[in-house]
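Peer 1: Use the sequences and the hints to build the structure in full.
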Amino acid sequence: MHAIRVRPDHEMHWGECPDPQPAPGEVLVRVHATALNRADLMQRAGHYPPPAGASEVLGLEMAGRIVGVGTAVAGWRVGQDVCALLPGGGYAALAAVPADMLMHMPPGWSYAQAAALPEAALTAFVNLYVEAALQPHETVLVHAGASGVGTAAIQLCKASGNPVFATAGSAPKVAHCLAMGALQALDHHAVDFAVELLRAPGAVDVILDPVGADYFERNLQLLRLRGRLVMISTLSGAEAALDLRVLMGKRLRVIGSVLRSRALPEKVAITRAFVERFWPAVLDCSLLPVIDSEFEISDASAAHARMAANLNIGKIVLHLP
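In this text, residue positions in the sequence shown follow the numbering used here: the first is 1, and each later residue adds one.
Check before you lean on any hint, since a few could be wrong.
[Unchecked claim] Here are the computed distance ranges between Cβ atoms for each label pair:
(1) Asp-243 - Pro-136: 25 to 33 Å
(2) Pro-136 - His-10: 43 to 51 Å
(3) Glu-296 - Ala-45: 19 to 27 Å
(4) His-13 - Pro-136: 47 to 55 Å
(5) His-13 - Val-191: 42 to 50 Å
(6) Gln-135 - Thr-71: 41 to 49 Å
(7) Glu-296 - Pro-18: 22 to 30 Å
(8) Ser-286 - Arg-65: 20 to 28 Å
Hint data in this document are derived by calculation from the structure and do not stem from the laboratory. Quick reminder that beta carbons are idealized off the backbone N, C-alpha and C, glycines included.
Peer 2: Following this line, the structure appears as structure tokens:
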């Protein structure tokens, strides 16, 4: 098969590599589309190695058609269209995927839409509803609200009836957050989001933050009693000062969370819980991936450049031949 390989100079090329062989409990999928994640850029630059046992090929999600079924697989057959979260290997013509991780491609969806669903939706779901244990009517602040995860988080909050606020990095991104259902969205380049949000709504219960150090102190200020801050990335830095008195006085919880490195049984449980709770929202398009742009896999470098420049609203998709 062919796959994107990263050269020592960090450039990508579409070259030959061995076909994956499905192990017991796995299916072989012909990949038609994959979607970009920040982890792809970090791995390409040499800063984020794949977990032990995972493919070294980039790509944390895919959509395609089952072309082979391994032993000990029930409920799946050749010819079905599926999508799935991956630990790696999405930028490849074929992927061996644990059958328990598969989700049906929703009726009427394109491969591009299905490929853009798993990583963003499952990341938003596990961090809001599992890690932060979001309760009915609690308020949420989503940083990077126009990102893939951010757009999914806003839609999930709307579907579950939780008031949601957002920050983003440009006027068009702010407008998109509002269009998706955010009650208020702020351009963090134009205003101090903490000052504005403390004015109204006053405080929030849960914050989903991929930004990291630059926002840490203000995040703690914004949380109300027993609030939860879920850190899912460190785009602005990994080290921040902490006033323990704020943490203690408001009985706050700071939760660090990464999805990729979790064990397979945990990922399976997350996928099943998401499908059980939110698949109706997928089917009625209340949860619909936001597609920023689409590229051929041969133009993967241009797609990476677009994400690196923070130009995307939602997901960037790569099509495979």
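Peer 1: Each hint should be assessed against the structure and marked as holding or not.
Peer 2: Here is how each hint holds up against the structure:
1. Asp-243 - Pro-136: 25 to 33 Å: Since Asp-243 and Pro-136 have Cβ atoms about 31 Å apart, the given range 25 to 33 Å holds.
2. Pro-136 - His-10: 43 to 51 Å: Taking Cβ atoms as reference, Pro-136 and His-10 lie about 46 Å apart, which means the hint holds.
3. Glu-296 - Ala-45: 19 to 27 Å: holds, 22 Å
4. His-13 - Pro-136: 47 to 55 Å: About 50 Å separates the Cβ atoms of His-13 and Pro-136, which means 47 to 55 Å holds.
5. His-13 - Val-191: 42 to 50 Å: holds, 43 Å
6. Gln-135 - Thr-71: 41 to 49 Å: For Thr-71 against Gln-135, whose Cβ atoms are near 43 Å apart, the range 41 to 49 Å holds.
7. Glu-296 - Pro-18: 22 to 30 Å: Since Glu-296 and Pro-18 have Cβ atoms about 23 Å apart, the given range 22 to 30 Å holds.
8. Ser-286 - Arg-65: 20 to 28 Å: Holds, since Ser-286 and Arg-65 (Cβ atoms, about 26 Å apart) stay within the stated range.
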